[in-house]
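Enquirer: Protein chains in written order, with the numbering used here: chain V, 1 to 522; chain C, 1 to 541; chain Y, 1 to 102.
No lab work stands behind these hints, which were simulated from the structure alone. Remember, predicted model here, so these are calculated numbers, not experimental data. No residue lacks a Cβ here, since even glycine has one placed at the ideal position from N, Cα and C. Wrong hints could be hidden among the right ones.
[As the list claims (entries may be wrong)] In silico BS3-like pairs for lysine-lysine, Cα to Cα no more than 27 Å straight-line: (1) K114/C / K34/C; (2) K114/C / K405/V; (3) K34/C / K405/V; (4) K114/C / K406/V.
[What the hints assert, rightly or not] Here are some chain Y residues pointing at chain V (derived, C-beta under 10 Å): (5) P6; (6) I10; (7) F21; (8) M40; (9) L41; (10) I44; (11) L48; (12) I62; (13) F66; (14) A71; (15) E74; (16) A84; (17) L85; (18) R89; (19) M97; (20) T101.
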Amino acid sequence: MEVMTNMDAFQVFAEDNMWRQIWPELSLVLGAVLVLLVDLFGPKQQKKSSLSGSLAVLIQAFLLVYHLLDYLLLNHTFERSSFSGMLCHGFQGDIARTFFLLASLCVSIMGNRYLFLNRSRVGEFHHLTMVATAGLMLLCQSNNFIVLFVALETVALAFYPLVAYNTNSEKSLEAGLKYLIFGALSSALLLLGIVFLYGVGSNPEAWGASATYDNSRDYLSFEYVGDLLFNNPDNLFLRGGVVLILSGLAFKIGAAPFQIWVADVYHGSPTPITAFLAVSSKAAGFFLLLTLVNGPFFGVSDFLLPLIGVVATFTILFGNLAACTQQNIKRMLGLSGVAHAGYLLVAVMASMHFAGDSDRAVWVVYFYLFIYLFASILIFAVMSLAHFENTDEDQQFEHYQGLLKKHPWIALSLLVGIASLAGIPPFGGFIAKLMLFNVAFEAKLHWSMVSMVLGVVISIYYYFGWIREICFQPKPKFDDEEKDQDLWLRLDQIGLIKFTIICFAVVSFVLGIWQGPFGDAF
Amino acid sequence: MSLQQIILLGSIFIPAFSAIVILLFFLNNERRAKEIAYVAFIFPFAAGIILFLNFDPLNDGYSHEILFERMGLHELGITFHLGLNGVSAPLFAMAGVVGMSAGIAAIHSNADRKSLYLALLSFMQSGLMGIFASVDIFFYYLFHEFALIPTFLMIGIWGGRDRRSIALEITIYLTLGALISLGGLVALNVMVDSAKFDFPSLSNAILSDGLGSSTQNKIFGLLLFGFGILVALFPFHTWAARGYECAPTSVSMLHAGVLKKFGLYGLIQIALPLLPEGGQSWGAYILWLALGNVLFVGAVTIAQNNLKSMIGNGSVMHMGYCFLGLGVCSSLGASGAIMLMCAHGLSVSLMFLLSHYIHLRSGSLEMNEMGGLGGQTPILACFFAAATFATIGLPGFGNFWGEFAIFLSLGAQEGHFVFLVLAALGIIISAIFGLRAMARIFYGTKTDEMIAYQKNKKISDLRSKEILPAAVILLPLLLLGLWPKMVSDGIDTNVSSQLSILNEEGVGDYALPPCCPPQVELKKKAPPLMDSIKPENGGND
Amino acid sequence: MENVTPSHYIVLSLCLFSIGFLGVLLRRNLLLMLMSLELMLNGINLALVTFSRSSLNLDGSIFVFFIMTVAAAEVAVGLAILVALFKKRRSVFSEDMNVITN
Chain V
1 MEVMTNMDAF QVFAEDNMWR QIWPELSLVL GAVLVLLVDL FGPKQQKKSS LSGSLAVLIQ
61 AFLLVYHLLD YLLLNHTFER SSFSGMLCHG FQGDIARTFF LLASLCVSIM GNRYLFLNRS
121 RVGEFHHLTM VATAGLMLLC QSNNFIVLFV ALETVALAFY PLVAYNTNSE KSLEAGLKYL
181 IFGALSSALL LLGIVFLYGV GSNPEAWGAS ATYDNSRDYL SFEYVGDLLF NNPDNLFLRG
241 GVVLILSGLA FKIGAAPFQI WVADVYHGSP TPITAFLAVS SKAAGFFLLL TLVNGPFFGV
301 SDFLLPLIGV VATFTILFGN LAACTQQNIK RMLGLSGVAH AGYLLVAVMA SMHFAGDSDR
361 AVWVVYFYLF IYLFASILIF AVMSLAHFEN TDEDQQFEHY QGLLKKHPWI ALSLLVGIAS
421 LAGIPPFGGF IAKLMLFNVA FEAKLHWSMV SMVLGVVISI YYYFGWIREI CFQPKPKFDD
481 EEKDQDLWLR LDQIGLIKFT IICFAVVSFV LGIWQGPFGD AF
Chain C
1 MSLQQIILLG SIFIPAFSAI VILLFFLNNE RRAKEIAYVA FIFPFAAGII LFLNFDPLND
61 GYSHEILFER MGLHELGITF HLGLNGVSAP LFAMAGVVGM SAGIAAIHSN ADRKSLYLAL
121 LSFMQSGLMG IFASVDIFFY YLFHEFALIP TFLMIGIWGG RDRRSIALEI TIYLTLGALI
181 SLGGLVALNV MVDSAKFDFP SLSNAILSDG LGSSTQNKIF GLLLFGFGIL VALFPFHTWA
241 ARGYECAPTS VSMLHAGVLK KFGLYGLIQI ALPLLPEGGQ SWGAYILWLA LGNVLFVGAV
301 TIAQNNLKSM IGNGSVMHMG YCFLGLGVCS SLGASGAIML MCAHGLSVSL MFLLSHYIHL
361 RSGSLEMNEM GGLGGQTPIL ACFFAAATFA TIGLPGFGNF WGEFAIFLSL GAQEGHFVFL
421 VLAALGIIIS AIFGLRAMAR IFYGTKTDEM IAYQKNKKIS DLRSKEILPA AVILLPLLLL
481 GLWPKMVSDG IDTNVSSQLS ILNEEGVGDY ALPPCCPPQV ELKKKAPPLM DSIKPENGGN
541 D
Chain Y
1 MENVTPSHYI VLSLCLFSIG FLGVLLRRNL LLMLMSLELM LNGINLALVT FSRSSLNLDG
61 SIFVFFIMTV AAAEVAVGLA ILVALFKKRR SVFSEDMNVI TN
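So here's chain V without its partners, still in its complex pose (with noise of 0.2 Å):
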C-alpha cells in the first residue's frame, strides 16, 4: 500500500493546475500591465493617439482574433474542471470569452476618443478595462462560489473607478459612488448567502437538512451545492441562502427591485463606460443565472420559476415605464436595458423549464446577449463622436435633431442600432425577440409573454421618439429660447470608432435576414 508524501499530494495537487486553460485571461493581465507600464515610463505624446491607448487596442485586437481562431479551429467540444474543481472550462466560457473582448475591444476604441477630447490619464483606463474583462472572462468559467465571489468582486472594484473615472465632474464622482455603495450592499447579501449555503452544507444535520454523500468534498463547490440542493429542496436556510445569492446577481442584471441605480450611474459614468455596464455587466449576469439556475440551484428551481416570473415582469414593466418618462439618453437606455434584462428573464425561465434539454432557450440568452452587445455598442459608439464642451453626461433627446439632415451617415447607422434594440424587422432584434417568444411559448409562459409584448408595444414609444428627433424637423423655437449646443463637431478624428460602426450597423441587418450558422447550432 502506497502512502502519499507531502510532495506527492502537492504534485497531484499542481497537476490539477492547468494554466494554459485561462491563457486569455493571463495574457490579458499581462497587457493590462504592460498598458500601464508603458503610459508610466514611455514618451511622452501630445498627439491625438497616445502609445499606450493604441497598445491597448491593439493587444485586445490580438487577443480577440487568436482566441476565435483557436477556438474554432480546433474544436473544443470538451467540458472540463480544473484547478481543482475551481473553474470550468467549456463551450459558455468560450462563448463568454468572446463575448467580453469583443466588449472590451470596442470599450477601449471608444474610450480612446473619450480620453483624448476630455484630455484625461489614458493608462488607467485601459489597465482597469483589461483587468475587469479578465475578471469577466473568469466568472463566467468559475465552478465554485470562492472563485464566483473573488472574480465578481475583481469586476466591480475594477468598475468602481471607471465609473468614476471624470474626476473633474461632479456627476461622475457621485455616480461612482452610488455605484460603490449599492454594489458593495448587493455583494454583501450575496455574501450572506453564499454563508448561508456553505453553514449548511458544512454540517447538515445541524440545521435540519439531510447529508449528502461523502464528507471529502469541497463544500462550496457547485457541485456540491447541487447535490444539497438537490436532496432539500425545503430547507428554509437554503432557500433565504438561494435568494439573496440571485438578489446579489440581479443588482448585476438591473432586474427589479435593485434597478434603482441604473439610470443614475448611467447617467453619471462616460459614455464609453456606461457601453461597458451596459453589455458586459449586464452579460456577465446572465451567464453567471445561467451557470446557476441550470447548475447548483436546480433542485430549487419548482421555488424559483414564479419568483423569476414575477421579478421578469416588473422589470419589463419597470423599465419600459419609466424609460418614457426620460429626457437624458443615457438614463433612457439604461432603464431600457433594464427591460432587456427582463426579456431575458424570461428567457432563463425557459431554460429552467426545460430539465435536461436546456440548450435551445441558453442559445436564445447568448444570441439575444450578442445582438444587444451589437446593438449597444453602435447606440455607444454614435454617442461617442457628440463632442461637449466640458462634461460628457448630458446628452439630451435635443441634441440629436435633424442629425438626418446634418450627419446623415451617422444617423442611418444610429437608427440601425435603435430599431434593433427595438426589434424592429428586418435587424437583428427582432430575429432574438422570435427566438424568444418561440422558446417562451414553448415553455408555456403565456403571462410572461403577455408582458413582453406589452413591453415592446411601450418601448415603441421612446425608441421611435429617438428616431423622431433624429429624422423629422426640429420643432421651431421660440426666440428667446437658447439654442442647444450643436455636439457634432470634432468629427475628424474617429477612424477605428467609424469602423466599428460601420460594421456593427451591417452586422446587425445581416443577421435580421439570414442567421447561417447561428441558426443552425440552435
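Put chains C and Y on the given structure of chain V with help from the hints.
Expert: This is chains C and Y only, laid out in the frame that chain V set:
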C-alpha cells in the same frame, strides 16, 4: 432558374437595391435619383403584370416558386420561399400597379429632399411585393414589418399637420397589432410540428396530427385581433383615418391600397383554412364587428368634411365588407373578400391620388370650401366620378363583383340574413358620401376661399404626367369590373381547395350568379393533398 | 449560564449584518455608510468562521481571508472617490449629492 423566377426575385430586390443605391450615391442628386426611382417602380409593375398573365388559374398550388433552404433558424422551419398562387397573383399584380402609380406621383410631386423620399418609398414597395410573393409565413410577416420604419419616417417628415405625433401613434398601434399576430403565428409554429413554416407543410401536418378545438380558438383569436388591428377592424380602426389624413399622398396610396390587405390576406390564406373550427366559433363575432365597420364607420364617413379623411374612413368601411366575407367562413365569401381586396386596393389609391390633384387645384381639402371645379377640370372630374362609382360598388368596376359575392355568401346561409340587410345599407352609405363629395367638389358654384386661392394661379386640367398614374390604376379597375374571370378563376381554385382540405363539409356552396359568363371546371374541387389521411379532431389541445 | 453554542455566534453575526444593512440604508453621512458596509462584511466573516469551526472544515476560514482583502480594497476605492467628491462638494452628506437628475 427560369425567367419568371428571376422576375419574381427581382421584383422584390430591385426596389430595395435601388433604394440603397439612391441612399448611397444620389442623396443630393435629385435628377439621378428620379431616374433610378423610375426603374424601381416600373420593374415591379411589369413583373406583376407578366407573372399574373403567365399564371395558370387552374393550378391550385404555387407557380414560379423559388426556394432557399438555408436561411438559418432551421429549427423554426423558416426558409426563403417565394411563389404565387391563385390568391396572391392578382394581389401581387395590384401591388405592382399601385406601386408604380404612387411612385410616379411621388416623382412628379414637389416634395423637398425628394431623393430620400423616393428611397423610402422604394423600400416600402419592395416590402409590399415581398408580402404577396412569399410562401413562407415568417418572411411574409418580415416583409410587412419592413415597411414599418419607412412609413414612420415618411409620415413624420413629409406629412401634414400634427405629423410628428401621428407618426408615433400609428407606429405604436400597428406594432401592437403586429406583435399580437406574431404571437398567434409563433403559437401556430410551436403547436403544429411541421418541417417548414409555410402553408402547405402546415396543412399537411395538421391533416396528420390534428389540432384541438380550444387551441384553434385561441390561435384564431390571436390572429384575428392582431391582423384585425392591422386592417382597422372595428373598434381598432381609429388609427387609419387619422394616419391617412396626415400622410403624404403616395404613402396613403401604398398603405391603404396594399399594406392594409396584409392582415386580410393572412386571415384568408392562413387562419381560415388551417383553423376551421376556430373560424366557426369566432365567425359570429367577426360578423358583428364587421358590421360595426360598415355602419358605424360609414356614419362617421358621412360626417367628414375633409376629403382625405373621408376617403380614409371610407376605406375602413370597405374593409368591413371583406371581414363580412371572412366571417361567413365559406369559400364564396372568402373569394369575394379577395376580389374586393384587389379592386378596393385599386379604387382607394385612385381616390387618394385624385384627392392630391384636387388639393393642388383648390388649395384645401375641406369640401365645404370647394365647388365648381368641374368646369375647369373635366378630365379630373371624369376620373373622380369613375373612382366614386367604383367605391360605391356599381357594376362596371371590380368592387361590384367582390361585394356581390360577399352578399351572396351572406345570403346563402340562414341566420345571416339580418347581416345581409344591414350590410346592404353600406352601399347606400357609400353612395351618400361618394356622390355628395363629387357634387360638392365639382358641381355648384365656387366658394370664396377657392376663388381667393385660384386668383393668381393658372388652373389647368390634368396634365399628361398626372393622367398616367391615374390611368394606370383605372384601366385594371375597369378590366376587373368587365372581365372578372381573369382573376376569379385563380381565386376560386385556390380558395375552394384550401378551405376544403381541413373541413370535410366543403363549407359553403359555390353557386354562380346566373348573369356571369359560364366558367369552366368550377365545380371541380381540387383533390386534397393527402387522399388517404382523414382529418382527426381532438388531437393535441 | 448556558454554554455558548455556534447558534449564538450566528445570531450575533446576523445582528451585525442587519445593523450594517440598515446603516447603509438609513445613514446620511457617507463615511458612516462606508463603515456600515464594513460592518456587514465583518458580520459575514464571523458567520463564516463559526460555520467553519463548527464543522471542522477550513474552507470557510480561507474564504474569510478573501473577503477581508476585498473589503480593504473596496474601502480604499470608496474613500478615494469620497475624498474627490468632498473636494468638489465640500460635504459628506448624501442629500448634497443631488447633481444627477432627470
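Enquirer: Please go over all the hints and tell whether each is borne out by the structure.
Expert: Hint by hint, here is what the structure shows:
A threshold of 27 Å between alpha carbons decides the hint, and for K114/C with K34/C the separation of about 8 Å falls inside it, so the pair holds. Taken as a hint, the K114/C and K405/V pair is honoured in the structure, with Cα atoms around 13 Å apart against an allowance of 27 Å. The suggested pairing of K34/C with K405/V holds, with an alpha-carbon distance near 19 Å, which does not exceed 27 Å. Distance hint between K114/C and K406/V is fulfilled; the C-alpha atoms sit about 16 Å from each other, no more than 27 Å.
Restraint check, P6/Y versus chain V: the minimum CB separation of about 8 Å is within 10 Å; hint holds. The criterion of a C-beta within 10 Å of any C-beta in chain V is met by I10/Y, whose closest approach is roughly 7 Å, and the hint holds. Given the 10 Å rule on beta carbons, the hint for F21/Y holds: about 7 Å separates it from the nearest Cβ of chain V. With a cut of 10 Å, the hint placing M40/Y at the interface with chain V holds, because the nearest CB-to-CB distance is about 4 Å.
With 10 Å as the threshold, the beta carbon of L41/Y comes within range of chain V, its nearest partner Cβ sitting at about 6 Å, so the hint holds. A hinted interface residue such as I44/Y counts as satisfied when its beta carbon comes closer than 10 Å to some beta carbon of chain V; here the least separation is about 5 Å, so the hint holds. Annotation: interface hint on L48/Y holds; nearest CB of chain V at approximately 6 Å, less than 10 Å. Taking 10 Å as the C-beta cut-off, the interface hint given for I62/Y holds, the closest approach to chain V being about 8 Å.
Here the hint on F66/Y is kept, as its CB sits about 6 Å from the closest CB of chain V, short of 10 Å. Proximity of A71/Y to chain V holds as hinted, the smallest CB-CB distance being about 9 Å (cut-off 10 Å). For E74/Y, the interface hint holds, the least distance from its beta-carbon to any beta-carbon of chain V being 6 Å, beneath 10 Å. Given hint, A84/Y at the interface with chain V, holds; its Cβ is 5 Å from that chain's nearest Cβ, closer than 10 Å.
Interface hint status for L85/Y: upheld, as the beta-carbon distance to the closest one in chain V is roughly 5 Å, under 10 Å. Satisfaction of the interface hint for R89/Y is found here, the shortest Cβ-Cβ separation to chain V being roughly 7 Å, below the 10 Å cut-off. Among the interface hints, the one on M97/Y holds; its C-beta lies about 5 Å from the nearest C-beta in chain V, closer than the 10 Å criterion. For T101/Y, the suggested interface contact is upheld, since its CB lies about 9 Å from the closest CB of chain V, less than 10 Å.
The structure shown violates none of the earlier numbered hints.
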